[in-house]
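Let the hints inform the model, and build the full structure from the sequences given.
Residue numbers (this note's numbering): 1 to 233.
Worth flagging that the hints you see were computed from the coordinates, not collected in a lab.
Please note that a few of the clues may not be correct.
What follows is a set of in silico ranges between Cβ atoms, one per label pair, in the way DEER data are often shown [claimed, not checked]:
id : residue 1 : residue 2 : range
1  : 121       : 199       : 53 to 59 Å
2  : 171       : 68        : 20 to 26 Å
3  : 36        : 187       : 30 to 36 Å
Glycine included, each C-beta is placed from N, C-alpha and C at the ideal position.
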Amino acid sequence: MSASAEMKVAVLNYSGNVGKSTLARHLLQPRMGDCPILFVESINEGGDETNVKGKEFATVMIDVLASESAIVDIGSSNIEAVFAKVGRMGDVLEGFDYFLIPTVAKPKQQKDTVKVIRDLVALGVPTSKLKVVFNHVDPEDDVDKLFAPVKEPLDRLGIASAVVYESEGFEHLGGRTVKECASQGRDFRKEIAAATSAEMKKELATAQVFSRLAQGIQSDLDLAFKKLFSEPA
Numbered sequence: 001m002s003a004s005a006e007m008k009v010a011v012l013n014y015s016g017n018v019g020k021s022t023l024a025r026h027l028l029q030p031r032m033g034d035c036p037i038l039f040v041e042s043i044n045e046g047g048d049e050t051n052v053k054g055k056e057f058a059t060v061m062i063d064v065l066a067s068e069s070a071i072v073d074i075g076s077s078n079i080e081a082v083f084a085k086v087g088r089m090g091d092v093l094e095g096f097d098y099f100l101i102p103t104v105a106k107p108k109q110q111k112d113t114v115k116v117i118r119d120l121v122a123l124g125v126p127t128s129k130l131k132v133v134f135n136h137v138d139p140e141d142d143v144d145k146l147f148a149p150v151k152e153p154l155d156r157l158g159i160a161s162a163v164v165y166e167s168e169g170f171e172h173l174g175g176r177t178v179k180e181c182a183s184q185g186r187d188f189r190k191e192i193a194a195a196t197s198a199e200m201k202k203e204l205a206t207a208q209v210f211s212r213l214a215q216g217i218q219s220d221l222d223l224a225f226k227k228l229f230s231e232p233a
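Laid out in structure tokens, this is it:
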């Protein structure tokens with residue numbers, strides 16, 4: 001699947017603080033042709049898209065079905081309302097190509113991840129459409145051991161997963177995309193040498209460090225996207 005693939009993805013979990021909005025913006029959006037992100041009552045870092053309540057999910061689906069590509073970030077407080085609405089809308093979930101479920105290592109978040117997978121399957125979503133991201137992972141951790149409660153049903157059901165590792169670079173994006181922060185092609189060494197003040201040199205050196213962190217994040221996200229979406233639903 002190409003980096004500008006036309007597809008429609010819902011990002012959700014019963015738990016908050018799993019990185020839904022971050023992954024929607026930085027993992028999905030730049031690899032889906034910078035398509036719109038629709039927020040269903042979600043606290044998001046972008047803040048420039050329209051938020052709707054879960055009970056208004058029908059209006060979201062109109063926009064999704066009318067678009068070539070779309071990302072829907074469903075806030076944890078509204079999933080039950082969305083699922084209740086879906087139960088009265090027949091096969092509306094067929095409008096999504098994939099459901100991305102981020103999780104972290106905390107027990108509650110893992111338990112909620114298993115529950116949302118079970119509920120999506122109960123609503124008739126094929127397991128081939130479910131994708132799980134193990135998020136905020138320390139590179140030194142054993143992913144299989146750390147996420148054992150989630151890994152077991154994923155392996156049993158054949159659900160694809162990928163890992164996104166922790167990086168302090170996420171904290172320094174400041175509203176910018178990872179690609180913008182990566183600053184590919186800039187010759188920082190030359191710019192620092194040409195800087196006329198210690199303050200400018202330090203500012204450029206800081207940008208260089210954050211650029212390298214962002215490049216690492218970008219590579220990490222490229223690998224995760226490829227692993228999750230290399231096969232069609």
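Those earlier numbered hints the structure runs against, lowest number first: 2
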